[in-house]
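Line by line, the protein sequences give chains A and B. When the first sequence is numbered by the working numbering, its final residue is 113 and no position is left out of the sequence of numbers. When the second sequence is numbered by the working numbering, its final residue is 117 and no position is left out of the sequence of numbers.
FYI, nobody ran anything at the bench for these hints, they're computed from the structure. Among the hints, a few may not be true.
Here are some of the chain B residues that sit facing chain A, going by a computed Cβ distance under 10 angstroms [said to hold, decoys possible]:
#: 1; residue: Y25
#: 2; residue: S28
#: 3; residue: R43
#: 4; residue: F68
#: 5; residue: A101
Below, a sample of chain A positions facing chain B; criterion: calculated Cβ distance under 7 angstroms [unchecked claim]:
#: 6; residue: I12
#: 7; residue: S43
#: 8; residue: G97
#: 9; residue: F104
Glycine residues also receive a C-beta, built at the ideal position from the N, C-alpha and C atoms.
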Amino acid sequence: GAVVSQHPSWVICKSGTSVKIECRSLDFQATTMFWYRQFPKQSLMLMATSNEGSKATYEQGVEKDKFLINHASLTLSTLTVTSAHPEDSSFYICAGGLVYEQFFGPGTRLTVL
Amino acid sequence: AQTVTQSQPEMSVQEAETVTLSCTYDTSESDYYLFWYKQPPSRQMILVIRQEAYKQQNATENRFSVNFQKAAKSFSLKISDSQLGDAAMYFCAYRSVLGGANSKLTFGKGITLSVRP
Chain A
1 GAVVSQHPSW VICKSGTSVK IECRSLDFQA TTMFWYRQFP KQSLMLMATS NEGSKATYEQ
61 GVEKDKFLIN HASLTLSTLT VTSAHPEDSS FYICAGGLVY EQFFGPGTRL TVL
Chain B
1 AQTVTQSQPE MSVQEAETVT LSCTYDTSES DYYLFWYKQP PSRQMILVIR QEAYKQQNAT
61 ENRFSVNFQK AAKSFSLKIS DSQLGDAAMY FCAYRSVLGG ANSKLTFGKG ITLSVRP
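Chain B with its partners taken away, still in its complex shape (with noise of 0.2 angstroms):
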């Protein structure tokens, strides 16, 4: 089975400042999807950004991107020119492409970002 881990429950960054949040998983399947989810206090989720295992390129998102290093099972996320609403709980998610339609998303615990003005 596999498992996403989110080791760090929260995390702080001043405004306009960039920030990591990091995310690993363990899987021993050769491709997968993994995704960094957004809740804000809404709770509504919100996709921030999608990286396909086959791609070795690091997807991007504006002021979003990921370093994936698919070797080490690190998926992590970089936050540049934070901003007040970046604040929220952010989910790292793994999910298999055996399924489709069908497959689960496996999320860490997630981490609280906040930022300080």
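This is chain A alone, in the form it adopts within the complex (with noise of 0.2 angstroms):
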């Protein structure tokens, strides 16, 4: 299967920084990245659609100046969450979509103090 790598995996900032989080498909061109966050226990929710090129599709409910999205490539996209406070913390999972699929990054643990 394809393969997408996540950086970085484990995250620990001071509130009001800003924190990037690079996803990039390895051996895939994808259109499509899909950003998901995901608490303890719980389901996946999408936050964001990103294509190539294009600005970001963010799910309602999702703030757009906070998690700021860029898709520059065809293998790199990048979330960016600004002023992170702590109930920013979570778990963030990236995914490159395919027509059949979506291929999952191991996702990043980011930790607000």
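Two chains, two frames, some hints: make the complex.
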């Protein structure tokens, strides 16, 4: 199957700072990237869908100014959590989309102190 | 909008036994994909099995098989010869064929499966 990487796998930051998470499709071109958020023991919640070279489409209730998504190339998408607060602490997962399937990255655990 | 329901939050199975995880969904579409994903403690999402709605034959992957009942909108996962490594959270998911690569996944709430040695 296709491989997606995420970096960093774990990050701790202070409240008020910004954090960038990178998502790369290593062996395929992902015209579409999906960003999810997951709390412990809960399901994945879709935050936004991004297409290469276009603005991301955010799900209802997701603050686009807080969660900045950039899909600069067919293999790289980034999620920046701006002015992070403790309530932004969560597990963030990206996925590269193909016609028949999505391929998931290993996730990034964000802890905001 | 499509919905996916997993009504059992937890299940337990004895090692080497068989267990069935239930999933129902609601859609007005006639063609779509259904998936079962496994999320072990590492939290990496792993595709277990995929079913195309237009295919009447139930998908099978080694010890994993599905019972796809399109009219009943039911999509259960059977795990045979359960192993300790099968312990994980399992998610049922729906994806429309419309929208191609942009098509979103709709997940159920998930079920935590434990395997007793």
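Results of checking the hints against the structure:
1. At its closest, the beta carbon of B:Y25 sits 14 angstroms from a beta carbon of chain A; the interface hint therefore is violated under the 10 angstroms criterion.
2. The restraint placing B:S28 at the interface with chain A is violated, with a minimum CB-CB distance near 20 angstroms, outside the 10 angstroms limit.
3. For B:R43, the shortest C-beta to C-beta distance to chain A is roughly 5 angstroms, which falls under 10 angstroms, so the interface hint holds.
4. A distance limit of 10 angstroms between C-beta atoms decides the matter here; for B:F68 the minimum to chain A is near 16 angstroms, and the interface restraint is violated.
5. Among the interface hints, the one on B:A101 holds; its C-beta lies about 4 angstroms from the nearest C-beta in chain A, closer than the 10 angstroms criterion.
6. The closest approach between the C-beta of A:I12 and any C-beta of chain B is roughly 17 angstroms, which is over the 7 angstroms cut-off, so the hint fails.
7. The beta carbon of A:S43 is positioned within 7 angstroms of a beta carbon in chain B (closest approach about 5 angstroms), and the interface hint is therefore held.
8. Because the closest C-beta pair between A:G97 and chain B is about 4 angstroms apart, less than 7 angstroms, the hint holds.
9. Taking 7 angstroms as the C-beta cut-off, the interface hint given for A:F104 holds, the closest approach to chain B being about 4 angstroms.
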